Amino acid sequence: MLLKLTCRVVLLSVAIAVPGFAQAAGTTTRTPATPVTAPKGTAPAAKAPAAPEDRAGYDPAGRRDPFVSLMSRGESRLPMAGRPSGVRGLLIGELSVRGVLRTNGALLAIVQAPDNKTYTLHPGDTLYDGTVKVVGADAVVFLQRVEDPLSPVKQREIRKSLRNTEEFR
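For the sequence shown, our numbering assigns the number -15 to the initial residue and increments by one for each residue that follows.
The list that follows gives simulated cross-link-like pairs (lysine to aspartate or glutamate, EDC-like), each with its CA atoms no further than 16 angstroms apart:
id, residue 1, residue 2
1, LYS144, ASP122
2, LYS101, GLU78
3, LYS144, GLU78
4, LYS117, GLU141
Taking CB as the label site, the calculated pair distances span:
id, residue 1, residue 2, range
5, VAL52, ARG140, 12 to 22 angstroms
6, ALA45, ALA90, 47 to 57 angstroms
7, PRO44, SER145, 33 to 43 angstroms
8, SER145, GLY46, 36 to 46 angstroms
9, PHE51, ASP99, 22 to 32 angstroms
Source of the hints: derived by calculation from the structure; they are not laboratory data.
Because the structure is a prediction, the values reported are computed rather than measured.
For glycine and all other residues, C-beta sits at the position ideal for the given N, C-alpha and C.
Using the sequences and the hints, build the whole thing.
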């Protein structure tokens, strides 16, 4: 019983003393520097260059950026100002189908661009990153050019429906 009590007291004192020694070993005493003024007749001494700051850096060395989405590869990122005006300057990903129009037996798509302008598309119309393949009664099918050099597919079909499935939820 006495042995157990002695062991507990020793362990408790060691547990209290060790962090104190670790803190004492890491600190150094610093004395505040007193400014030294040069005599009035002498020129001031040149200042010593400041120590270089430790700045964190990153060298990519061929690695990809971990913050770039892998899902958005191959999409064009040009601003509206750098593209042609009208239908030829529209990206397929930016369009939303607002309606389908039947004239003389042909179906035309009414789409809305991000600048809230509406355009009428015919089958075969050329867009900035693809063409209109088919205009159906409830959807428009686009052929988008894939500009990703790692992709074996150079074109993909994108189907944009007239009504989004989210509207019915």
